[in-house]
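Asker: So you can see what is in the structure, the chains are spelled out below.
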Amino acid sequence: EDQVTQSPEALRLQEGESSSLNCSYTVSGLRGLFWYRQDPGKGPEFLFTLYSAGEEKEKERLKATLTKKESFLHITAPKPEDSATYLCAVCGAGSYQLTFGKGTKLSVIP
Amino acid sequence: EPEVTQTPSHQVTQMGQEVILRCVPISNHLYFYWYRQILGQKVEFLVSFYNNEISEKSEIFDDQFSVERPDGSNFTLKIRSTKLEDSAMYFCASSQQGFSGNTIYFGEGSWLTVV
Chain A
388 EDQVTQSPEA
398 LRLQEGESSS
408 LNCSYTVSGL
418 RGLFWYRQDP
428 GKGPEFLFTL
438 YSAGEEKEKE
448 RLKATLTKKE
458 SFLHITAPKP
468 EDSATYLCAV
478 CGAGSYQLTF
488 GKGTKLSVIP
Chain B
29 EPEVTQTPSH
39 QVTQMGQEVI
49 LRCVPISNHL
59 YFYWYRQILG
69 QKVEFLVSFY
79 NNEISEKSEI
89 FDDQFSVERP
99 DGSNFTLKIR
109 STKLEDSAMY
119 FCASSQQGFS
129 GNTIYFGEGS
139 WLTVV
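Going line by line, the protein sequences match chains A and B.
Whatever position you read off the first sequence (first residue = 1), add 387 for the numbering used here.
Whatever position you read off the second sequence (first residue = 1), add 28 for the numbering used here.
You may find that some hints are simply not true.
Unchecked claim - Listed below are the simulated DSS-like cross-link pairs for lysine-lysine, each with C-alpha atoms no more than 30 Å apart in a straight line:
1. A:Lys446 to A:Lys466
2. B:Lys70 to A:Lys455
3. B:Lys106 to A:Lys455
No lab work stands behind these hints: they were computed from the structure.
Work out the full structure, taking the sequences as your base and the hints as a guide.
Answerer: The structure is reproduced here in C-alpha cells:
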C-alpha cells in the first residue's frame with residue numbers, strides 16, 4: 388500500500404524566511420510524485436511532477452527535489468501570497484490513483 | 029488556461045436521497061477521476077474512468093456510487109442513497125493520458141453536506 392507522510396503539519400514563516408517542506412513516501416514502483424497547492428475551500432492546484440531520484444523542478448519561489456524515499460519543496464523568500472496547504476501525492480506502478488499526504492499548512496507572515 | 033469545472037459548488041441533501049455531482053473535464057483529456065476530501069482529512073481517491081468504463085476504484089467506491097459520461101463533455105458521480113459520512117468535498121479531475129506521469133488537473137470541488 389502506497390503511503391505518504393508530510394512534515395511539518397504546519398509552518399509559520401516570516402516574509403522572506405526560506406524553508407523546506409518534507410514528503411516521505413513508500414510506493415511500489417514510483418510512476419510520479421506530485422506537489423499541489425490547496426487554498427481553503429478550493430481544489431488542488433498543480434505545481435510539479437517528479438519522476439525519478441535526482442530530478443529537480445522550479446517555479447518562481449518554489450523548487451521541488453526528489454530522492455528515492457522523500458521529496459522536498461523548498462520555498463525561497465516566501466511572500467504572504469504563498470500561504471496555503473501544500474500537498475504531496477504519489478502514483479505507483481500499475482495504478483491510476485494518487486495517494487495524498489495530509490499536507491503542510493504554510494503561513495507566511497508579513 | 030483550460031480548467032475542470034464542477035457543479036454544484038455546494039449541495040445540502042437529506043440522508044437517503046440521491047445526489048448527482050457534475051463535472052466538465054478539460055476538453056482534450058481522456059482520463060477522468062473523482063476524489064473526495066472529508067473536512068480536515070486527506071484527499072482520497074474514489075475512481076478513475078477511461079474509454080467509458082471504470083479503470084480503477086477504491087474501497088470507498090461501493091455499490092452506492094456510480095459514474096457516467098452521458099455525453100461528450102460531462103462526467104458525473106452519483107450517490108444513490110446518501111449517508112451522513114458522505115459529507116465531504118468531492119473533486120473531479122482529468123488528465124490527457126493515463127498514468128505515464130501525466131499531470132492530473134483538479135476542479136474546484138463540490139461541497140456535499142448530508143443532514
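Asker: Taking the hints in turn, state whether each one holds.
Answerer: Now for the hints, and whether the structure bears them out:
1. A:Lys446 to A:Lys466: With a Cα-Cα distance of about 14 Å, the restraint between Lys446 (chain A) and Lys466 (chain A) holds, given a limit of 30 Å.
2. B:Lys70 to A:Lys455: 23 Å, holds
3. B:Lys106 to A:Lys455: 39 Å, violated
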